[in-house]
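Construct the entire structure; sequences and hints are all you get.
So the protein lines, in turn, are chains A and B. So the first sequence is numbered by the UniProt record's numbering: it starts at 1 and just counts up by one. So the second sequence is numbered by the UniProt record's numbering: it starts at 1 and just counts up by one.
Be aware that a few hints might be false.
[To be verified] No more than 20 Å apart at the CA atoms, straight line, and that leaves these computed lysine to aspartate or glutamate pairs for EDC-like:
#	chain 1	residue 1	chain 2	residue 2
1	B	Lys193	B	Glu235
2	A	Lys45	B	Asp84
3	A	Lys39	B	Asp56
4	A	Lys425	A	Asp2
5	B	Lys369	B	Glu396
6	A	Lys17	B	Glu33
7	A	Lys133	A	Glu401
8	A	Lys39	B	Glu33
9	B	Lys231	B	Asp84
10	B	Lys193	B	Glu225
11	A	Lys169	A	Glu151
12	A	Lys193	A	Glu222
13	B	Lys39	A	Glu33
14	B	Lys45	A	Glu33
15	B	Lys17	B	Glu418
16	A	Lys422	A	Glu385
17	B	Lys433	B	Glu385
18	B	Lys17	A	Asp56
19	B	Lys17	A	Glu33
20	B	Lys169	B	Glu205
21	A	Lys17	B	Asp56
22	B	Lys39	A	Asp38
23	B	Lys422	B	Glu335
24	A	Lys425	A	Asp309
[Stated by the list, open to error] Now the stretches of chain A that chain B is said to cover, found in silico as 3 or more residues with beta-carbon under 8 Å:
#	segment
25	12-18
26	99-112
27	127-140
If you're looking for bench data, these hints aren't it; they were derived computationally from the structure. The C-beta atom is built at its ideal place from N, Cα and C for all residues, glycine as well.
Protein chains: 2
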Amino acid sequence: MDVIDVSWGDPHRGGLKPLTFVRQVLAACFYPELVQSDKLPVDVKQRARSLLSACDGGSVGSYTLSDGISYIQCSVSNFISRRDGGVPSSPENIFMTSGSQRSLMLVLKLLVHNQASLPTGVLTAVPSYTAFKSALQTLGATVVPYYLDEEQGWAMEVEELRRALQASKGICNTVALYVINPGNPTGHVQSRKCIEEVIRFAAEERLFLMADEVYQESVFGEGSEFVSYKKVLSEMGPPLSHTVELASFHSASKGFMGECGLRGGYVELVNLDPAVMRYAYTIFSTDICAPVTGQLALELMANPPRPGDPSYPVYAQETQSIQAMLVHNMNWVPEVLNNIPGISCQPMMGGAFVFPRLYLPQAAIEKAKVVGMQPDLWYCKQLLEEAGVCVRPGCEYGQTEGNHHIRLCVMTPVETMEEVLKRLKNFHLHFLKEFS
Amino acid sequence: MDVIDVSWGDPHRGGLKPLTFVRQVLAACFYPELVQSDKLPVDVKQRARSLLSACDGGSVGSYTLSDGISYIQCSVSNFISRRDGGVPSSPENIFMTSGSQRSLMLVLKLLVHNQASLPTGVLTAVPSYTAFKSALQTLGATVVPYYLDEEQGWAMEVEELRRALQASKGICNTVALYVINPGNPTGHVQSRKCIEEVIRFAAEERLFLMADEVYQESVFGEGSEFVSYKKVLSEMGPPLSHTVELASFHSASKGFMGECGLRGGYVELVNLDPAVMRYAYTIFSTDICAPVTGQLALELMANPPRPGDPSYPVYAQETQSIQAMLVHNMNWVPEVLNNIPGISCQPMMGGAFVFPRLYLPQAAIEKAKVVGMQPDLWYCKQLLEEAGVCVRPGCEYGQTEGNHHIRLCVMTPVETMEEVLKRLKNFHLHFLKEFS
Ligand SMILES: Cc1ncc(COP(=O)(O)O)c(C=O)c1O
Ligand SMILES: Cc1ncc(COP(=O)(O)O)c(C=O)c1O
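Here you go:
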């Protein structure tokens, strides 16, 4: 039996096709003789020409400045400003990195002090993106867990943030709040009202806000809409809009483009003290610079083809088909999961993942204990071995005591997703029978 | 007046052309429809096909494993083994990274312990590659300086290593020795005998050896030859060959390829304890993975076209012309510099840089003091402003008290280099006149 792997948030691995426009421009940047070719659309050639003239030595093979190619920082800041309905954005606040995982790490380095008497704490959701927790651990910082409310579709509640912060007193010095919106692994998308409350809380408690918004392009749940922390902060006006320190993260890895392997990310730093900005520049320069290909991909994300451009029809058709797939999966996958006995799934609003809850029979839980595994990890192992479906267990992301979940990536072609759910259902029913 | 910048070690920025074979394969990997085109040689298409089939999802846009694409780890380890005349190399010991600067940092993370009573020390040459010293500082480690012998063409002497290590006792816990061979900024290439002595010293003192060999492809000085630390270590036989811990670094940034912007590096870890290797894997996974384009570039470096391949003639012509330029510059630039009064330059054996000494008039030194600058930094500023030549001052790399140097990159087309030296000479003579 062939294994179907829906454990990664890696669109191309999952079967999505790269966008033709993106790949044509990158190919032409690598081998500019192609610009002569009549096989490439005019706008592709033009774009490749202007990107190359923004590279030192006219080559993607030259180092860039440590914060990135200035032309691309400008494109990205214009993109942010358009996305946020005109809220200004400064190119000097944009730092390009080798993927947003690396930006997260570098911003954490700004925040974490190892010489202090208490370790540095960062408020981090449960469940949450695992690599962020590893990054904190690597730096000797402490995860301050706050729980998302599963019954409310994994919403974030300020009361819970307050509790978590209070509980951390004396254990660590909590300086920052990490938010993933749209959520990973939850598929939740925060409302403007929620974001306002979170910002007000951060302001009161003088917390640095880290807004991980890498899934901003994938918000297709009914009635949900992506609003950035930057936009809400700006619209809340002074004094908050001038004082709350915010880092907002985005990536070429997710969304329609899905170019994980190129390692392109950026972070926008807002309201930081000029001395801290200078220190940030030093920290970001430890890698020399971000990979040029990833930087170029972010420029193409910021400026996709527009109606009237020769590349537009193909681009529109490709992105619309990805969008149709996501709209379909976001509505349909939770529905199917909710119809399997012993599984419940919150509605999905955005991002790439669903995180259904498993009600495992007591006998299965005991069995897992005997083999020394977390019950949902053991479940995943069985699912892989018996049904050839690879998913990740809830224990990796964190969950409330005694509950179990799995994470599935829905950025997956519909036919593949159908097969996954069919196999999962059969396996699960069989599993329930065996252990009850 | 146009500025000529020979301050970077960035071949494409300096005017070198990318290798056609490399760029064609990369373009075809980005846009596989090109494989259909009749514009690309057959071997390029074949190579693109096999590289793509080594990528998950058949796309350069997928994440790879944290240590790299296995197929490329194998290519690299075969390359190492061929380079070293058959000394075996294991793919599991190869870690692909976002440039060798990043590998240096990650290996340092393995070595630096912040919880200890004394800071971790690393023996580091004076003069030395600056970003390595910054990396040490970022990690809270201590630079333990050892001086290269300028009169001996910047050779490394074990007696001096012993002195430096001794002097560090009580100040830090020195655990590693960092060696750059071929040298940056010195242009020195170590002899097999020197390497043997250094290895024996490392073994006696139980030091971890970090061999930065990113300039291994550029060794063209008369009578000099690149021999890797790995090869010498292996040929020294047991017990040393099985015990001395060695990390050897290489990069896609330098050599004929010169693809700095792609961020591709690798490190080979030799004789590490299996537990440390597992810890290394964890540390290297903090970035998720290295950029795929950089990894592909390293594969192409490891397996260039061979005689008989359709791409070979162009490849051979391009690399031969780069080689001719390097051979010419390596011999001719020190000669010209030595003919300028008040400048002396050691013979150049390899690498990308010359590091001539400036004998500055006392009045110029006083003048620099008045403006609060290091004399050679001030000299560089004048050279840039008055002659439009950008070089770097010796003070950035470290030098013995009271001496002054500049660093020039010689991976620069001959006509450009001629203009640089002409301007430098005129400026320098004028400068001497003004201050004496
Ligand atoms: C929430 C979140 N943030 C950041 C990342 C890192 O993405 P990248 O480093 O590829 O930009 C991921 C990857 O899955 C993610 O899910
Ligand atoms: C000696 C040495 N090591 C490492 C590097 C880093 O190169 P990269 O990170 O581009 O591979 C350089 C760059 O100039 C260097 O001179």
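Which of the listed hints are broken here? 2, 3, 11, 24
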